[in-house]
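J.: Using the sequences and the hints, build the whole thing.
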Amino acid sequence: MTDATRVAAAASSRDPSIGLAAVASLRGLLESLEELQVTNARAQGWSWQQIADVLRVSRQAVHKKYRRFGF
Amino acid sequence: MFERFTDKARRVVVLAQDAARGRQAGTIRTEHLLAALFEVPDNLALAVLEGFGVTKADVLADIDRLPGAGPAPSDADALAALGIDLDEVRRQVEDAFGAGALDRTRAAAGRARRRGGHIPFEREAKKVLELALREAVRMTHNYIGAEHILLGMLHSETGAGQWILLARGVRQDAARVVVEELVRTRRAG
Chain A
1 MTDATRVAAA ASSRDPSIGL AAVASLRGLL ESLEELQVTN ARAQGWSWQQ
51 IADVLRVSRQ AVHKKYRRFG F
Chain B
1 MFERFTDKAR RVVVLAQDAA RGRQAGTIRT EHLLAALFEV PDNLALAVLE
51 GFGVTKADVL ADIDRLPGAG PAPSDADALA ALGIDLDEVR RQVEDAFGAG
101 ALDRTRAAAG RARRRGGHIP FEREAKKVLE LALREAVRMT HNYIGAEHIL
151 LGMLHSETGA GQWILLARGV RQDAARVVVE ELVRTRRAG
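Those sequence lines, one after another, are chains A and B.
Residue 1 is where the first sequence starts when you use the numbering used here, and the numbers rise one by one after that.
Residue 1 is where the second sequence starts when you use the numbering used here, and the numbers rise one by one after that.
Because the hints were derived from the structure by calculation, they are not lab data.
Cβ atoms here follow ideal geometry from the backbone N, Cα and C, with glycine treated the same way.
Don't take every hint at face value.
Residues of chain B clear of chain A, computed beta-carbon distances all greater than 10 Å [to be verified]:
#, residue
1, Leu15
2, Ile84
3, Glu157
4, Gln172
5, Val183
Cut-off 20 Å, straight-line C-alpha distance, at most; resulting in silico cross-link-like pairs (SDA-like, lysine to any residue) [stated by the list, open to error]:
#, chain 1, residue 1, chain 2, residue 2
6, A, Lys64, B, Gly110
7, A, Lys65, B, Arg11
8, B, Lys8, B, Val137
9, A, Lys65, B, Val137
10, B, Lys8, B, Lys56
11, A, Lys65, B, Gly110
12, A, Lys65, B, Ala109
13, B, Lys56, B, Asp42
14, A, Lys65, B, Ala108
15, B, Lys8, B, Trp163
16, A, Lys65, B, Leu166
17, B, Lys56, B, Leu166
18, A, Lys65, A, Trp46
19, B, Lys56, B, Arg4
20, A, Lys64, B, Arg4
21, B, Lys127, B, Thr6
22, A, Lys65, A, Asn40
23, A, Lys65, A, Leu33
24, A, Lys64, B, Arg23
25, B, Lys56, B, Arg11
26, B, Lys8, B, Arg134
27, B, Lys126, B, Val13
28, A, Lys65, B, Arg4
29, A, Lys64, B, Arg106
30, A, Lys65, B, Arg104
31, A, Lys65, B, Val14
32, B, Lys8, B, Arg111
33, A, Lys65, A, Val38
34, B, Lys126, B, Leu182
35, B, Lys127, B, Arg4
T.: Next comes the structure, spelled out in structure tokens:
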């Protein structure tokens with residue numbers, strides 16, 4: 001099976017072990033990307049409010065999550 | 001309770017964690033305790049199972065057939081199921097933020113730590129250990145051995161360990177008789 005057909009087969013699978021694992025991996029990727037982008041934004045002088053606005057979350061939420069990073 | 005566990009019973013508990021981790025399970029479940037019984041040589045639970053004709057290969061195959069068993073796919077494979085090419089995402093991120101940027105995040109480090117770290121016992125698995133104590137008390141044994149863990153697994157509502165054993169014909173009352181027999185002959189001999 002080619003990679004493309006394998007992927008297509010997996011995407012249409014109703015097997016929870018495939019679907020749930022995909023969600024878990026996506027969440028992990030999301031967390032890492034968010035952390036990178038927030039870190040970068042802070043390094044470029046963005047305020048917590050500016051970051052929160054673009055992320056479409058509350059300022060408190062983003063501050064609470066990332067203040068321990070010390071920036 | 002744990003101070004009354006024999007060395008072999010302790011090994012079973014420790015190796016159940018390895019059995020869970022090896023199967024990428026987030027909690028230690030009763031089937032992991034069952035698998036661990038086979039990793040501790042010469043314990044009485046194995047003598048009981050042998051008496052019922054239950055082999056390690058049978059039990060491991062049963063465990064692999066449980067819903068949700070089998071190795072979890074890698075992140076790359078799991079994301080491919082959604083049409084996301086993790087390698088491509090990684091390439092783009094590294095172009096902007098430098099080599100290894102994605103894997104250097106605290107979020108990624110936390111996930112790696114959780115995968116290698118302590119795995120908690122599920123409620124049913126804890127229950128099996130409590131029932132092992134009860135089985136020992138019932139037989140007036142002043143220690144908890146691997147054989148009591150096996151008997152603890154043969155109670156209702158202890159999860160997959162019990163289903164597998166029942167399906168293989170291991171019944172609680174019969175198993176108790178075998179354990180008492182084995183302990184008696186072991187003491188005599």
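J.: Of the hints given before, which are not true for this structure?
T.: 2, 7, 9, 15, 16, 19, 20, 24, 28, 31, 32 and 34
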